[in-house]
Each structure stands twice: as C-alpha cells, then as structure tokens.
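Visitor: What follows is the residue order along each chain.
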Amino acid sequence: GAGVSQSPSNKVTEKGKDVELRCDPISGHTALYWYRQSLGQGLEFLIYFQGNSAPDKSGLPSDRFSAERTGGSVSTLTIQRTQQEDSAVYLCASSPGQGFQTFFGQGTRLTVV
Amino acid sequence: AQSVSQHNHHVILSEAASLELGCNYSYGGTVNLFWYVQYPGQHLQLLLKYFSGDPLVKGIKGFEAEFIKSKFSFNLRKPSVQWSDTAEYFCAPINTDKLIFGTGTRLQVFP
Chain A
443 GAGVSQSPSN KVTEKGKDVE LRCDPISGHT ALYWYRQSLG QGLEFLIYFQ
493 GNSAPDKSGL PSDRFSAERT GGSVSTLTIQ RTQQEDSAVY LCASSPGQGF
543 QTFFGQGTRL TVV
Chain B
-3 AQSVSQHNHH VILSEAASLE LGCNYSYGGT VNLFWYVQYP GQHLQLLLKY
47 FSGDPLVKGI KGFEAEFIKS KFSFNLRKPS VQWSDTAEYF CAPINTDKLI
97 FGTGTRLQVF P
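Line by line, the protein sequences give chains A and B. First residue of the first sequence: 443, per my numbering; consecutive thereafter. First residue of the second sequence: -3, per my numbering; consecutive thereafter.
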C-alpha cells in the first residue's frame, strides 16, 4: 500500500483480556518498529525488526507483550492479560533500512477498562 | 547506550515569535538525524532530516535545524511561528541501530 496501515484504529478491551494489533508496513521496507505513545510519556520504543535478523525486543515492558513479523511483512503486536496501564496509542513504523526515513501509521488507540 | 534528550517539554509562544527547540544525543560515529512532527489528531510525519553535507538543513513549513557535531546537538528553529505550528515535536537520531525518539516537545502557539 501507499503507507503504513494499522488495524484496528481503536480498540476497547476489558482488563485481563488479550489483544492483537496489526501493522501492514510499506511494501519492501525491511525495518519495522512498534512504539507506544502515552500522555506525557513521549514515544516509547517497544520492538524493532530488521530484515531476517533477530528482533530487538529490549523495549517491551513485560513478558505480557510480544510481537511477530511474518514473511518480512505484516507484524502483529500481542498484549496478554491487558492492564489499565497498557492504555495508549500503539504506533507502527517502517523504513527501507537502518538509518533511513521512517514512516508512521495512524496508530491503534487501545483503551483497557 | 544511545540516548536522546529534548530539554523543552512544553513551549508556549505567541504568533511571530522565534522558536528554538533543543535536542542532544549521545551516539558515537556517523549519525543520521530527524525531526518529526505530530499535529493534533494526525500521525507522525517527517519535518526535516540530516544525513551528511551542509549541517544547516531546511525542512517543511519554514523549519530548519543545525547539526553541531562537537555539541552532539541538532536544534530545531523557526524564525516566526504560526498558530498552525501547534504540535508535538520529536527529535530522533539514528546510527546503525534502532530509531529512538526524544520525549517530545509540546508547542502551543497563540494568535
């Protein structure tokens, strides 16, 4: 597609439920990022995929968070047993490679009630 | 570890005032530098970038930034802000690793 696409755009879930957030990066982009944006917290790095290398998971806040990237394209961020503090906007971004301009999706607004 | 610092968390200006937002990073070696902007209700978009060459780079909407290698800085400037510049601004340096953002600066411009 023309840009980075994320779905759903909004998600409301009950505390304790699992959620999956999807990201379709720009075709051909080898790098894919997930970030979390909370009020007053800026952009928090979560995980980074680069080509076929092992992902950099150093930003994941707990073992309830995980992400996969299938076939070097679509990525899914999974949050298990959601907590209220997980409420945030989750942003996906992709770029042609390391050091290049990164393009962002519109984000998924997650609300845990 | 790589890090980036934005010193101004919230800036309030009147239209036509000059703007400078600070950004310092702690990377070594070759660095590419970006400023991203997020207007209210919109997604992040690139404002300007520095890869090499002239350390004074021009971006969209009259913004510019100067890369000062000796100070590890990449400050964003605009001579005369407009109400439409109200947004959140993020500095993002990158070398050979992942793209990490500063905490962001919220700019409010009043008419």
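Bear in mind the hints are in silico, worked out from the structure with no lab data behind them. Incorrect hints may appear among the rest.
Which residues of chain B face chain A? A partial, calculated answer using Cβ under 8 Å [to be verified]:
id : residue
1  : 35
2  : 42
3  : 44
4  : 45
5  : 48
6  : 94
7  : 95
8  : 96
9  : 97
10 : 98
11 : 99
12 : 100
From the three backbone atoms N, C-alpha and C, an ideal C-beta is built for every residue, glycine too.
Visitor: For every hint, state whether the structure bears it out.
Guide: Each hint tested on the structure:
Because the closest C-beta pair between residue 35/B and chain A is about 12 Å apart, greater than 8 Å, the hint is violated. Given hint, residue 42/B at the interface with chain A, holds; its Cβ is 6 Å from that chain's nearest Cβ, closer than 8 Å. Interface hint status for residue 44/B: violated, as the beta-carbon distance to the closest one in chain A is roughly 10 Å, over 8 Å. With a least beta-carbon distance of about 6 Å to chain A, the hint placing residue 45/B at the interface is held under the 8 Å criterion.
With its C-beta approaching chain A no nearer than about 11 Å, residue 48/B sits outside the 8 Å limit, and its interface hint is violated. Interface restraint check: residue 94/B against chain A, minimum CB-CB distance 4 Å, threshold 8 Å, status holds. Given the 8 Å rule on beta carbons, the hint for residue 95/B holds: about 5 Å separates it from the nearest Cβ of chain A. Checking residue 96/B against chain A by beta carbon gives a least distance of about 6 Å; that is within 8 Å, so the hint holds.
The restraint placing residue 97/B at the interface with chain A holds, with a minimum CB-CB distance near 4 Å, inside the 8 Å limit. With a least beta-carbon distance of about 7 Å to chain A, the hint placing residue 98/B at the interface is held under the 8 Å criterion. Residue-level restraint check for residue 99/B holds (minimum Cβ-Cβ distance to chain A is 4 Å; threshold 8 Å). A distance limit of 8 Å between C-beta atoms decides the matter here; for residue 100/B the minimum to chain A is near 4 Å, and the interface restraint holds.
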